[in-house]
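Mind docking chain B on chain A? Use the hints.
The primary structure of each chain is shown beneath.
There are 2 protein chains.
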Amino acid sequence: MTTARAHTNIALIKYWGKKDPDLMLPYTSSLSMTLADYYTETSVHFDASLDADQFYLDGRQTPAAKVSAFLDLVRQQAGRQEFATVTSANHVPTTAGLASSASAYAALALAASTAAGMELSATELSRLARRGSGSASRSIAGGFVIWHRGHDDATSYAEPVATQPTIPIRMVVVLVNGGQKAVSSRAGMQNTVATSPFYSSFVTSNEAAIAPMQTALANNDFTMIGELAEASSYQMHATMLAAKPALSYFEPKTITALQHVQQLRQAGIPAYATMDAGPNVKILTLAPFVDRIVSTLRQDFKTVTVTQPGPAATLID
Amino acid sequence: MTTARAHTNIALIKYWGKKDPDLMLPYTSSLSMTLADYYTETSVHFDASLDADQFYLDGRQTPAAKVSAFLDLVRQQAGRQEFATVTSANHVPTTAGLASSASAYAALALAASTAAGMELSATELSRLARRGSGSASRSIAGGFVIWHRGHDDATSYAEPVATQPTIPIRMVVVLVNGGQKAVSSRAGMQNTVATSPFYSSFVTSNEAAIAPMQTALANNDFTMIGELAEASSYQMHATMLAAKPALSYFEPKTITALQHVQQLRQAGIPAYATMDAGPNVKILTLAPFVDRIVSTLRQDFKTVTVTQPGPAATLID
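Protein sequences appear in the order of chains A and B.
Taking the numbering used here, the leading residue of the first sequence gets 68, the next gets one more, and so forth.
Taking the numbering used here, the leading residue of the second sequence gets 68, the next gets one more, and so forth.
Extracted from the complex, chain A is given alone in its bound form (with noise of 0.2 Å):
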């Protein structure tokens, strides 16, 4: 049996939209921050015994449809056939806000290829788990991680950006609801690069976003870091408010939080928002800034938590 660990990241430059949904080619680069404090621990088991996958998560068994298409990937490449018994466990609590979903297929990757025999190089397990999910390609390396756009399976990857910086940067997460969202990534992608007017003009400008973001986190520039990450958040979520019928993940909290951000920057403290395709608003900041900003945010809401960058996956056992 073989056990991975993958850390889920958060987009400071986001990814929304695929230009070619079966190689999961996105039609912008990506670049984000692995999170140190959400993780998934995923053990497989290439067993000849079995007449199928077996899917546990978090104790239970699950239905393993996602599970085998992924692991036909893994098969394929190994030259394999036997079935697998999978056993996930994600410390990615719901109430936390944030999507598993990168954690969950780059620790799948990393103990899948594992199991099955292969010794793939960080690029191509970044390659393999964004066949699951686009996000979790970045989720195979830690700290701040740029993904390639590219243009074909072979191109388009993962790899932790150049020059990482040394400033002591901080995310805090604001629960706004951690239920299930009503509108899928995957269906809310799809309806924006269907509907919105203005895709073309996000891909352009969140595209032209990556290599200003690269020179601020080699600079240690964390205003520039935090404006361009909050305009790239607020142009994706822009683009799909311009879709038809609209798409918007706010809720009336998610409005109350980025308002509290707001207030906080014109009160000198550096704290920047960003936000996935969900209601939940995550905070940038620096270390000497987080408990105010905590403290501010905890007067509206219960769950406020802190991570900052986290590691690369691993093999453990």
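Each hint should be verified, as a subset may be incorrect.
Because identical chains share one entry, a pair is satisfied inside a single copy or across any pair of copies.
Stated by the list, open to error - Below, in silico cross-link-like pairs of lysine to any residue (SDA-like), each with a Cα-Cα straight-line distance of 20 Å or less:
id, residue 1, residue 2
1, K248, Q329
2, K311, A229
3, K248, Q375
4, K311, P279
5, K311, A275
6, K311, A334
7, K86, A354
8, K311, I336
9, K311, F289
10, K248, Q330
11, K133, A183
12, K311, T290
13, K320, F368
Hints were generated in silico from the structure; no laboratory data involved.
Only chain B this time, still in chain A's reference frame:
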């Protein structure tokens, strides 16, 4: 003394952004509904004995700089030099969540030009009102009104749409916040035009919605009217949200109202949201559905009012 009354209006296909801030030429054409229940009454009296313009708004003497600048245009066109006393009463309570600048400058244009001895055509009046506030150009006409963006002072004016709908269109106004907004429309437009990567797509998309809206009005196609209006509104707000820094007029209860609209529609009620540069939500519907919509919104909002298409600007007494 000459007195005019002009009604405010709500844009169904939006106006956002000036190509020429002096002449108030917009980047896109827009299409509005003049509103029955909200209007401004303004009296103008040119008086050779005055040594400055005097402005009384809702019974109080008020700084006259903006009014004077507008009167200068009228004096220039009329070849007159006297200062004037201007007395204005807004029957657009701030608690309605509707801007009064449209009705204010439309009433002022009609009263001042008449008092100065001119007899302007509706087109000329619309061009004059435009110089005070872009949306005022539309408040010269009644019912459903198109403001042709034009390319110079002569060609940028509003007029009634060729074929007015005969279905009983109503507008439910949901007051989220009647206070002064933090960012004026003027400043918001400038920032959006200058920094939003989506602005040129907004211009193209919004301009392209004008002809279909005219067709929908001519065909009494309320579903199409509502869908086009809602899309134009969301696209305008999306364009702002993508500006740097992001500009949002959404408040938490704005989202609550928008969620109600969505749920009403899911329940089969024809209800479409439109918003201007502020947090309030206006809901387009048909007369038979007004009671249901009002009672639903009253669950969360104290001030919910209803209006319908209103008349052109007119001289009174």
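Here's how the hints hold up against the structure:
1. K248 x Q329: between (25 Å within a copy, 15 Å between copies)
2. K311 x A229: Close neither inside one copy (39 Å) nor across copies (27 Å); limit 20 Å.
3. K248 x Q375: Neither way: K248 and Q375 sit 25 Å apart in one copy and 36 Å across, limit 20 Å.
4. K311 x P279: between (31 Å within a copy, 15 Å between copies)
5. K311 x A275: Result: close only across copies, 15 Å inter versus 26 Å intra.
6. K311 x A334: Close across copies (19 Å), not inside one copy (37 Å); limit 20 Å.
7. K86 x A354: Classified as neither; 38 Å inside a copy, 45 Å across copies.
8. K311 x I336: Between copies, since 18 Å is at most 20 Å while 37 Å is not.
9. K311 x F289: between (36 Å within a copy, 17 Å between copies)
10. K248 x Q330: between (28 Å within a copy, 15 Å between copies)
11. K133 x A183: Classified as within: same-chain Cα gap 18 Å, cross-chain 77 Å, threshold 20 Å.
12. K311 x T290: Result: close only across copies, 14 Å inter versus 34 Å intra.
13. K320 x F368: Both. Shortest intra-copy (9 Å) and inter-copy (17 Å) distances satisfy the 20 Å Cα cut-off.
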